[in-house]
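So the protein lines, in turn, are chains A and B. For the first sequence, position 20 matches number 1433 in the working numbering, and the numbering has no gaps at all. For the second sequence, position 225 matches number 1638 in the working numbering, and the numbering has no gaps at all.
In short, the hints are calculated from the structure, not lab data. Any given hint could be a false lead.
Identical chains blur together in the list; that is why a pair holds if it fits in one copy or across any two.
[Unchecked claim] Within a straight-line C-alpha distance of at most 20 Å, the following computed SDA-like cross-link-like pairs (lysine to any residue) qualify: (1) Lys-1494 - Glu-1593; (2) Lys-1598 - Arg-1496; (3) Lys-1474 - Leu-1545; (4) Lys-1485 - Ser-1605; (5) Lys-1707 - Gly-1495; (6) Lys-1474 - Glu-1625; (7) Lys-1576 - Gln-1666; (8) Lys-1705 - Arg-1669; (9) Lys-1494 - Pro-1430; (10) Lys-1685 - Asp-1464; (11) Lys-1567 - Gln-1547; (12) Lys-1566 - Asp-1471; (13) Lys-1704 - Arg-1669; (14) Lys-1707 - Gly-1626; (15) Lys-1705 - Glu-1593; (16) Lys-1494 - Asn-1595; (17) Lys-1494 - Asn-1524; (18) Lys-1552 - Lys-1567; (19) Lys-1566 - Asp-1436; (20) Lys-1552 - Ala-1568; (21) Lys-1572 - Ser-1475; (22) Lys-1707 - Leu-1597; (23) Lys-1704 - Val-1548; (24) Lys-1598 - Asp-1463; (25) Lys-1707 - Glu-1665; (26) Lys-1707 - Asn-1667; (27) Lys-1704 - Ser-1415.
All figures in this text were calculated on a predicted structure; none of them were measured in a lab.
2 protein chains.
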Amino acid sequence: MSILVVGSVAFDSIKTPFGVADDVLGGSACYFSTAASFFTDVNLVAVVGDDFPQQHIDFLKSRNIDLAGLQKSRGDTFRWKGRYDYNLNEAHTLETHLNVFESFQPVLPENYRDAEYVFLANIDPELQLEVLQQVKNPKLVACDTMNFWIEGKKAELIKTLAKVDILIINEAEVRQLADEPNLLKAAAIVRSFGPETLVVKQGEYGVLMFGEGSIFSAPAYPLEEVFDPTGAGDTFAGGFIGYLAATSNQSEQNLRKATVFGTVMASFTVEKFSLDRLRDIDYLEISDRYKKIKLLTEFADID
Amino acid sequence: MSILVVGSVAFDSIKTPFGVADDVLGGSACYFSTAASFFTDVNLVAVVGDDFPQQHIDFLKSRNIDLAGLQKSRGDTFRWKGRYDYNLNEAHTLETHLNVFESFQPVLPENYRDAEYVFLANIDPELQLEVLQQVKNPKLVACDTMNFWIEGKKAELIKTLAKVDILIINEAEVRQLADEPNLLKAAAIVRSFGPETLVVKQGEYGVLMFGEGSIFSAPAYPLEEVFDPTGAGDTFAGGFIGYLAATSNQSEQNLRKATVFGTVMASFTVEKFSLDRLRDIDYLEISDRYKKIKLLTEFADID
């Protein structure tokens, strides 16, 4: 089952304690679709400027990502500049130039409107809703958001969430959206807005998934070298939704497996700048890390 | 198999966003031994002042904790005053009055010197070493420490660690002790100082245990009400070492079970001030939470 993703394609300039990268390929839709492409086909809706080079188009196509929905506008592609200190859980934004992304209007090609799996990456919740109005009969809708929209467009966001099955956001955002410091209580409040499943990203501490009467805890894959956390969250979402779409199964047990696959995919992304690590992995490496997370978490029953 | 614990007995005064407690029973040795007492017998070595009331003595005795090693000195008992904000992972110390604890000299009663399981709670590493010199032939030595000793007595601490099998400390302390920001690398450095097993406490994010060629990740038990985190780490250690001593088995699989029991015990402590929650639990409640952590972490294999 293919996935429709709507989000950003960007150039990132990043400084971490371990290195510097300038104008490398980034953006939520790129990370998501590249990760998901290891599991299934992806239809991508986003916008780039006329400075966007053919080599990136070629790369995305090489991952079997359909780019019929990639608009090309006059002007520059979205640019983000950020910095991380040794606490890699926290990004410091230095510059944001929305450029062509500022007037982005997601229009779905006709053949994208039958999408069964939809991922609305972190964009204006009003645009997320517009996307959903163009999709005929989705089987599963997942979305991301951020503090900027929680602060500035909370009413619109809650309207969008009413139509969402799975919300994937980070821990601080869950607390902020619910206005409640305790994570369990905050998760219950956010689930009452609509999403049956809430996936809470906790950076290097892993992921908590909240469903009806159940919680699942998955650790992050332990790494000796975390190089650049940019895109980890969108990569997680790509692995997670990618696995769900590939297996076409939303049972609690399958959601748990999808969570671990998301965690595995994110662990690759942070090992290099941009999508560079995702360019050179294969399914064997993915399944190897899945099995290692299994070993990492196993312990015996008691009587 | 009984356990010898050497540490502090104290009066704590605590303010959290949820309430205030004055001069309640606390101290590393109290939390540790009460938690361990659900699994096995404990011999406690510590010091109190002449202000220490009989009711606390009676409580510890009611938990089958042997107090032959509890010294009573002229003066006041150790007092700690602290505050937590909504970020319950971080304690703000307001006052520390060591009082009789300042001149504490741990002297083991003769019948404690055959101890097979020893826990050296967070005290001066030179005193920790003095305790070990009094123990004839321990089967397992575990210890805790803190930033204060890492900063002020690192050489002495490293001398003590050479004689320790299991070090149980928090994440920031591992990084500080190893002088290395990456946790995996830091864990390898700290294990090279002596401890075969390193247990890294991550507060609400759970625990990582590092052994020879293995890592185990256990989440914290999710709670809707975290009332006061004081003593959670020592309670964890009590459940952990308590289970190991009760089963007299240090296999990797048993260390994993012990970690989960430690996590379970800590989850009770944080639900009320002082040792109040530990006063009213039984083994059924403990095993129930163990099973819930099992459910929380389970996911299926892949082919």
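Violated hints - listed by number, lowest first
Numbers 1, 2, 3, 4, 5, 6, 7, 10, 11, 12, 15, 16, 17, 18, 19, 20, 21, 23, 24 and 27, in rising order.
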